[in-house]
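In order, the protein sequences belong to chains A and B. First residue of the first sequence? That's 1 in the working numbering, and the numbers climb one at a time after it. First residue of the second sequence? That's 1 in the working numbering, and the numbers climb one at a time after it.
Hint data in this document are derived by calculation from the structure and do not stem from the laboratory. It is possible that some hints are incorrect.
Chain A regions said to be covered by chain B (calculated; three or more residues, Cβ under 8 Å) [claimed, not checked]:
1. 151 to 165
2. 316 to 327
Sample of chain B residues facing chain A (criterion: CB under 10 Å; computed from the structure) [claimed, not checked]:
3. Val53
4. Arg143
5. Ile238
6. Phe249
7. Val283
8. Ile286
Since the model is a prediction, treat every value here as computed from it, not as a measurement. Idealized CB from N, CA, C, for every residue including glycine.
Listed here are the chains, written in short residue letters.
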Amino acid sequence: MAEAHDPSVADYRATSPEDGGGRAPMKLVLERFLHNTLALLAVITILFFMFRLMPGSPLAAFINDNLNEDQQKAMLQQFGLDRPMWQQYLIYLANLARGEMGLSFFQRRPVTGILLEVLPNSLILTLSSLIVAYVFGVLAGAWLAWKRGSWIERAAVPVVLATRAAPEFWIGMVLLALLSFKLGWFPSGGASSPGEAYTSNWQRIFSLDYLQHLALPVITLALYLQGLPLLLMRSNMLEVMHEEFVTMARMKGLSEWRIVIGHAARNALLPVVTAFALGVGLSMGGNVVIETVFSWPGIGRMLVQAVSVHDYPLAQGAFLMIAAVLAVMNFVADLLYMTLDPRVSHGRAG
Amino acid sequence: MAERAEERGVIPAQLAARRSWRLPPIVQRLLTMPLRDPFAFVGIVIYLLFLLVAVFADRLATTDPTEILFLSTGKVAANMPPGAEYPLGTTNLGRDIYAQLVHGTESALAVGLSAALIVALVGTVVGLVAGYFGGWIDALLMRIADMALSLPFLPFVIVLIGFLGPDTSNVVLAVVLLLWPNSARVIRSQVLSLRERSYVEAARVTGASQARILFVHIAPNILPLSFVYAAIAIGWAIITEASVSFLGFGDPDNVSWGMMLQDAFASQALSRGQYAWFVPPGVCIILVVVAGFFISRGYEEVFMPRLRR
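The shape of chain A in the complex, shown without the other chains (with noise of 0.2 Å):
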C-alpha cells in the first residue's frame, strides 16, 4: 500500500525486468546482460560528450601560460587531443577497457589507482549498512504485516516514510551532534585515528579503531535504507497472506507461527532480496552526502571533492566507477529475479 508512490520502490520496479515469461532462461539472461551492457555503455559515451563539451580546454591543468603555442600544439598532440572526437572516443574505449582512466590534474596519479585505494570503504560501508538495514527491515515489515490494523501498525508506517523522506545527510548530521559530539561514543569523522598505523589495508580494516569509525555511518544509512525492504516486506506479506498455498497450509492445520515463517514469509522475501542487490548499486550513488558528512575516504567524497576543484579525469572516473557497480548489481538483481521467481525460472508467464 504504500510502497507504490515510495521513489525507491518505484525505481526497484522500473528496473526489474518486464515480460520474463514464456521465454528460455538461458536467452533471457543474455538478453538481460546485453540490456545492462548497452545501458553501461550509454552511461560511458553521455559521460565522455559531457566532459569534452564543457568550457576549458581538458588540458586546463597541466598547459599554462608560460608554455608557448608550439609547446602547447605539442602537448595536444601527446594527448590525442588533435584529433576528430569520433578518434577520441575510440581511443578513450579503449583505455577504458584496459583499466586506463589517465592522470589526476590534482595528484598526478593514475585515477585508477587512486580509485582502488577508496573503493573498498565505499563496499564496507555500503554492504554493512545494507545489511543492518535489510535484516531489520525484513523482521519488522513482516511483524508489522501481522500486526495489521493495530495501533502500532498505523503509526509505524508514517514514521517509516518519514525516515525515507529525510535527507541522508541531515539524519547523519543529528546523530553526529548527538551521538559523537555531545555523548563522544563515537569519532566525528575519517576512518582511523590520526597516528594509527598498519602494515596492510586488511589489518587496517579489521581493527577496533576502523570499526568504530565505521559505526555511526553505517547507523545513519541503515536508519535510511530500512524503510524500503520493511515496506516491501509488508506489503508483499500482506499479499501472500492471501494466496491459496497460504490458504492450503491453513487447511492442513499448520500453526499461525509455520505459516508465517515456513510458507508466507519465504514468499514475500523474493523481491526484497531483488532489491537488495538493486540497494548496492543505488546506494553506492547515494553514498556521496554520506561520506561527506562523516569525511569517509569512499569514492563519492572523492567525486565530490574532484568536481569541486574540477579534477576531470578524476571524477569522470569516479562517476564511471558508480555507473559500473550499478550496472553489475542491476545485472545481479536481474539474476537473482530470475532465480528466485519460479514463474520466470520455469518459463512460465509470469
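Go by the hints and put chain B onto chain A.
Chain B in isolation, oriented as in the chain A frame:
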C-alpha cells in the same frame, strides 16, 4: 470502502444538478480526492501551510536573511541562542536563522513545484506517445528511458551542476532528466491497455483524429498517474536541491534549507550543539517530502484500487 462507493454515486448526481459548470468527471475526482483520504488530506494541509509561509514570507520574517546583525554594543550578533528577538537564534556570522528558514520555503517550493510540473509533463507526453504509437517510436523512447535510469542519481546531478554552474534551474534540469522515465514507463503501460478499450475503438470508427483520441479520450484517464509522479517529484527535487547545496554546489545567492544545513555543518554548529540551527530545516524538508508521499498515496488509493490492499 462502502462509504466511498456511496460518495462516488453522490458526486455525479450533484454534478448533473449543476450542469452549467460541469467539469470532466475525472478532473472533479482529482480535485475532491483529498477529502476522501485522510493521508492525502494531511498532505494537502502541509502543502497549503508551506505555500502560505512562502507567500507571506516577507511579513513573517521582517529581517533580511542575508543581513549581518549587530548588537547594541556594536559587536556582531553571532551564535545568539534562541530568544524573543531571534526565535531560532543567529548563525556564526550573525544572520537571523528564523528569517532564513522562512525564506528557504520559497526556494524549496519553487524548486519542488517547477521540477514536479516538468517531470509530470514530460513523463506524461512521452508515455502517451510511446504507448499509443508503439513501434520504433516506442522502442526509441524506452531505450532513452533505460539510459536515464542507469545513471547514478546524485553523482549525475553533481557532475552536471559542476559543469553548468551552481544555479537552481540546473538542479531542476538534472532532476527532470533523471525522473521522467519512471512516470513515462508506468503511463506508457497504462496507455497500452487503454488504447484497446472499446470506447477508444468507437472514437476511431467515428473518425476522430489521432491527436483527439490521444488527448481527449486517453489522456484524462492517466491524469491521476501524472499527479502521483508529480507529488513524488516535488520531494525528490527538494531533497536533491538540499543535498547539492550541502555538498557545496548550491546557488550562492539563494537562501535554501540545504544552504542553511551546509552553513551549519561547515561552521561547527554540530559541535556547539546549536540544534535550533540545523534541526528545523531538516524537519521542514521531511514535512514537505512526506506530504508528497501522502498525496501520491491518496491518489493511488482512490484512482488505482488494484494497487491497494
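Kindly indicate which numbered hints from before are broken by the structure, ordering the numbers from low to high. 3
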